[in-house]
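Mind docking chain B on chain A? Use the hints.
2 protein chains.
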Amino acid sequence: MKKVHNFSAGPAILPAEVLKEASQAVIEFNNSGMSLLEMSHRGKDFINVMEEARALVKELMGLGNDYQVLFLGGGASMQFAMVPSNLLIAGKSAAYVNTGVWASKAIKEAKLVGDVNVIASSEDKKFSYIPKGYTIPADSSYLHITSNNTIYGTQMHSFPDSPIPVVCDMSSDIFSRRVDFSKFGLIYAGAQKNMGAAGATMVIVKESLLGKTGRKMFSMLDYQVHIKGESMFNTPPVFPIYISLLTMKWLKKNGGLTWIEKVNNEKAELFFNELDRNSLFTGTCAKEDRSKMNPTFLLTKPELEESFNKMWKEAGIDGIKGHRDVGGYRASMYNALTLDSVKTLVDVMKEFEKKYADAKVTA
Amino acid sequence: MKKVHNFSAGPAILPAEVLKEASQAVIEFNNSGMSLLEMSHRGKDFINVMEEARALVKELMGLGNDYQVLFLGGGASMQFAMVPSNLLIAGKSAAYVNTGVWASKAIKEAKLVGDVNVIASSEDKKFSYIPKGYTIPADSSYLHITSNNTIYGTQMHSFPDSPIPVVCDMSSDIFSRRVDFSKFGLIYAGAQKNMGAAGATMVIVKESLLGKTGRKMFSMLDYQVHIKGESMFNTPPVFPIYISLLTMKWLKKNGGLTWIEKVNNEKAELFFNELDRNSLFTGTCAKEDRSKMNPTFLLTKPELEESFNKMWKEAGIDGIKGHRDVGGYRASMYNALTLDSVKTLVDVMKEFEKKYADAKVTA
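Residue numbers (the working numbering), protein chains in the order written: chain A, 4 to 366; chain B, 4 to 366.
The shape of chain A in the complex, shown without the other chains (with noise of 0.2 Å):
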């Protein structure tokens, strides 16, 4: 098997062991004689699984049994919907913050339930910077925040102090390091990034917060049905939410979220050095709101593109061509990721403004 650096931005890279035991239990999961894909998910098999991913978010995050953790399929664009159907109270504004796309969606979906108030956006400079100084209006339901954003390569590197509860969608930079989640009162993410595969999506919520707003809503958008089914109201995605159990022990086996948050901005200082130091680079947004998740990143000289783009296929680097709202590169660096990946693609860099920074060369 050829060796890839996947800088992917979502499916995106996971660790080996992770894929290595998952292999096996499509095969044969716990010596049952089946694979995991055809046992019922209300043996105690698969019982064990959820129970054990659920425990373990609470304890990665240190979070008390005043959350509750639910693992959910339908994306995390389906909490774009729920968020507000169990939040929103009648009468009540939400207050969103708008850092991009995904946060656009977000509000988009909420402005179906009620009102919305968007209180701060970047949009003004194509969502190129976290915006900052704003006032929560404390009579909202709450406030909607999105801490990392994969296309414009934006992150949160501190969260508001705010007098109403925070949602947050967390979706690209979850268990990426520490953060003192007890500040949230509901937490999303898809799992496809940091936290396994497509097809589960992580929601802890804290359980004071539901059941208030008095609006009838469809069972399978309602987190007080899902709690009451401990996460198995319907049939859960079951392979999905394995391989995220299989990524929370890997982070756990390591040192949990003060390992990775060492390992991650390692690899982000490794990176960011050299994009500062490399003639032929730029970064696409504020230095300080840099994403340490998914630096996005221009040539200085356009007409370079094929070459560089020739360079890094030949080391092996692969899904790092940027968003096509943003243009040029995007390294995403999730946790799988390792600093051999990141060196490589900074020898790359290095290489090839030793080749090309002085030569009159077009493409």
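Just so you know, these hints were derived from the structure itself, not from any lab. Honestly, I wouldn't trust all of these hints.
Since copy identity is lost for identical chains, a pair holds within one copy or between any two.
[Unchecked claim] In silico DSSO-like pairs for lysine-lysine, Cα to Cα no more than 27 Å straight-line:
hint : residue 1 : residue 2
1    : K316      : K353
2    : K231      : K324
3    : K47       : K108
4    : K256      : K186
5    : K265      : K357
6    : K231      : K129
7    : K47       : K6
8    : K47       : K324
9    : K219      : K95
10   : K129      : K108
11   : K47       : K316
12   : K47       : K23
13   : K47       : K313
14   : K5        : K47
15   : K215      : K114
16   : K23       : K6
17   : K23       : K219
18   : K61       : K265
19   : K209      : K135
20   : K186      : K358
21   : K215      : K108
For chain B alone, kept in the frame of chain A given last:
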């Protein structure tokens, strides 16, 4: 690996060759150097999976371009909400046939959208038969039926001629037999019985039925949004969809619905012949409505339960404990269950009768 005869009601048995190929894809897919779980869903490898899966559904069912196929997350339970959201026209009602727990849940969700008319029900006899001879109101938006009822072991062996679009929950007998699928306006099915693993739900819809309600709804609940996104409006459940593709390819390779119908008839005949002959067992529902997917049965001498349980367990049989609502046993015989497994169960039943029919045994 020990041999298990897996009669689970779902998630359920899958073909061994599907599991083998899926297991490999978890390590590396298409010689890419990457796991299928690590790949962008927007890359050509997965787009090919999605397109092949969507096309194969129509090919196996003999449906034309007036139908759209979607693979969504969220489970069939989400369809209980999506169907009325997309099809129930204001001022009209929706007609439902109540054949058990799943139909009842579909009815409950539809009532949140509009007027629901339960035009037939078998609740009077604990859902042990399929209602017939009911009149379908021509002015309703649609008729909703459930083709197979896992809990009660009943199945529709013919479908009503309807003046209005028929919506069918085929979660537990999809792809098990030839049906004139063009009689349906919408068919949905959770994948985890006959077409894969938990986490993906297939929806087939006649596109001309959509866009008529004027109802505002969440993007994730809107079939037209998913159609426009070619079943990738958001990140789809990648791996469960791949399992569905492999399962459909296995079906096609072996002869499609003509072949599997023959196999399923053989299995059902073998089992029901024994059930009707054996003095120690009795079925739980009307003979003409018995499900070929989920035969349900009871001991005529309930005091022999422990002895029977011991015998089938020793024969390597798994998953035949009945649902708590019906009690007794349920031997689910989905597509991937072999005739050999049914023979094993029938042999145990024969042996059990031989040993206990005349004995005055108490457990």
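Against the structure, the hints come out as follows:
1. K316 <-> K353: within (15 Å within a copy, 65 Å between copies)
2. K231 <-> K324: Classified as between; 24 Å across copies, 43 Å inside a copy.
3. K47 <-> K108: between (38 Å within a copy, 25 Å between copies)
4. K256 <-> K186: Answer is within: at 26 Å inside a copy they meet the 27 Å cutoff, but 55 Å across does not.
5. K265 <-> K357: neither (30 Å within a copy, 68 Å between copies)
6. K231 <-> K129: So K231 and K129 pass the 27 Å test across copies only (26 Å; inside, 42 Å).
7. K47 <-> K6: Intra 38 Å, inter 19 Å, cutoff 27 Å: inter-copy only.
8. K47 <-> K324: Cα proximity of K47 and K324: across copies only (14 Å, versus 44 Å in one copy).
9. K219 <-> K95: both (17 Å within a copy, 21 Å between copies)
10. K129 <-> K108: within (16 Å within a copy, 45 Å between copies)
11. K47 <-> K316: Cα proximity of K47 and K316: across copies only (17 Å, versus 46 Å in one copy).
12. K47 <-> K23: both (23 Å within a copy, 24 Å between copies)
13. K47 <-> K313: between (51 Å within a copy, 19 Å between copies)
14. K5 <-> K47: So K5 and K47 pass the 27 Å test across copies only (19 Å; inside, 38 Å).
15. K215 <-> K114: both (19 Å within a copy, 22 Å between copies)
16. K23 <-> K6: For K23 and K6, the Cα distance is within 27 Å both inside one copy (16 Å) and across copies (23 Å).
17. K23 <-> K219: Neither: 44 Å inside a copy, 45 Å across copies.
18. K61 <-> K265: within (20 Å within a copy, 50 Å between copies)
19. K209 <-> K135: within (26 Å within a copy, 48 Å between copies)
20. K186 <-> K358: neither (49 Å within a copy, 66 Å between copies)
21. K215 <-> K108: both (24 Å within a copy, 24 Å between copies)
Checked against the numbered hints given earlier, this structure breaks hints 5, 17, 20; the rest are met.
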